[in-house]
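In this text, residue positions in the sequence shown follow this note's numbering: the first is 1, and each later residue adds one.
The hints are simulated quantities; they were obtained by calculation from the structure and are not laboratory data. Mixed in with the good hints, there may be bad ones.
[What the hints assert, rightly or not] For each label pair, taking beta carbons as the anchor points, the in silico distance ranges come out as: (1) Asp136 x Ala168: 34 to 40 Å; (2) Ser42 x Glu64: 24 to 30 Å; (3) Gly44 x Arg99: 35 to 41 Å; (4) Leu55 x Ala138: 26 to 32 Å; (5) Phe96 x Ile41: 21 to 27 Å; (6) Val17 x Phe96: 36 to 42 Å; (7) Ser18 x Pro131: 38 to 44 Å; (8) Asp136 x Leu166: 46 to 52 Å; (9) His165 x Asn12: 37 to 43 Å; (10) Phe96 x Ser42: 22 to 28 Å.
From the three backbone atoms N, C-alpha and C, an ideal C-beta is built for every residue, glycine too.
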Amino acid sequence: MYKRNTARLDPNKDGIVSSEEWVEAQQQTAKALKEHGMIAISPGAQGNATLTNILWKEVRGVPEVPSPVLLGDTVYMVRNGGTLTAMKRDSGNVVFRSRINADGPYYSSLVAAGGMLLACSGEGKVTVIRPGSALDIAYQAEFDEQIFATPAFAGGLMYLRTDHHLYAFGANPQGSRK
Numbered sequence: 001m002y003k004r005n006t007a008r009l010d011p012n013k014d015g016i017v018s019s020e021e022w023v024e025a026q027q028q029t030a031k032a033l034k035e036h037g038m039i040a041i042s043p044g045a046q047g048n049a050t051l052t053n054i055l056w057k058e059v060r061g062v063p064e065v066p067s068p069v070l071l072g073d074t075v076y077m078v079r080n081g082g083t084l085t086a087m088k089r090d091s092g093n094v095v096f097r098s099r100i101n102a103d104g105p106y107y108s109s110l111v112a113a114g115g116m117l118l119a120c121s122g123e124g125k126v127t128v129i130r131p132g133s134a135l136d137i138a139y140q141a142e143f144d145e146q147i148f149a150t151p152a153f154a155g156g157l158m159y160l161r162t163d164h165h166l167y168a169f170g171a172n173p174q175g176s177r178k
């Protein structure tokens with residue numbers, strides 16, 4: 001399984017992914033995203049999806065790694081460089097596309113929790129966003145470490161994994177913030 005999945009990264013099969021091979025793989029991924037983008041398929045579609053089952057397609061602003069998130073009737077996605085795109089679920093119409101002032105790569109998927117969106121950049125910036133018809137940043141925090149993991153929620157706490165630490169955020173029994 002490993003060899004099959006990495007063949008694209010190591011075409012000369014020397015067991016080492018050179019910087020040239022890595023750049024080529026990234027370019028192929030970017031090309032595939034540009035050509036294929038993201039599509040929405042009709043919920044009633046069955047079996048193999050055909051063109052008649054496609055509700056809409058978006059090729060601009062589609063992230064390479066992070067998954068989009070649906071909050072209400074809006075799909076949100078963040079891509080490298082910190083561009084947040086909001087689109088209507090049923091039509092694919094773009095509500096807004098704005099930079100969130102948090103550059104760098106994005107590997108962590110957007111998270112919707114407590115009626116807010118949470119975006120974590122690979123450079124360690126966490127952005128809390130109020131959903132709506134325009135970009136509305138509620139809060140930003142900077143960590144001195146990279147963040148590649150998607151935050152997780154359990155037991156009333158949010159867990160955030162950075163390069164060297166695991167943080168837990170939540171309310172204490174008296175209701176104040178930790």
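Here is what the structure says about each hint:
1. Asp136 x Ala168: 34 to 40 Å: violated (26 Å)
2. Ser42 x Glu64: 24 to 30 Å: This hint holds: roughly 26 Å between Cβ atoms.
3. Gly44 x Arg99: 35 to 41 Å: holds (36 Å)
4. Leu55 x Ala138: 26 to 32 Å: Since the Cβ atoms of Leu55 and Ala138 sit about 31 Å apart, the hinted range of 26 to 32 Å holds.
5. Phe96 x Ile41: 21 to 27 Å: Given range 21 to 27 Å: holds, Cβ gap about 24 Å.
6. Val17 x Phe96: 36 to 42 Å: holds (37 Å)
7. Ser18 x Pro131: 38 to 44 Å: Check passed, 43 Å falls within 38 to 44 Å.
8. Asp136 x Leu166: 46 to 52 Å: violated (29 Å)
9. His165 x Asn12: 37 to 43 Å: This hint holds: roughly 38 Å between Cβ atoms.
10. Phe96 x Ser42: 22 to 28 Å: Roughly 25 Å apart at Cβ, these two residues keep to the hinted range, so it holds.
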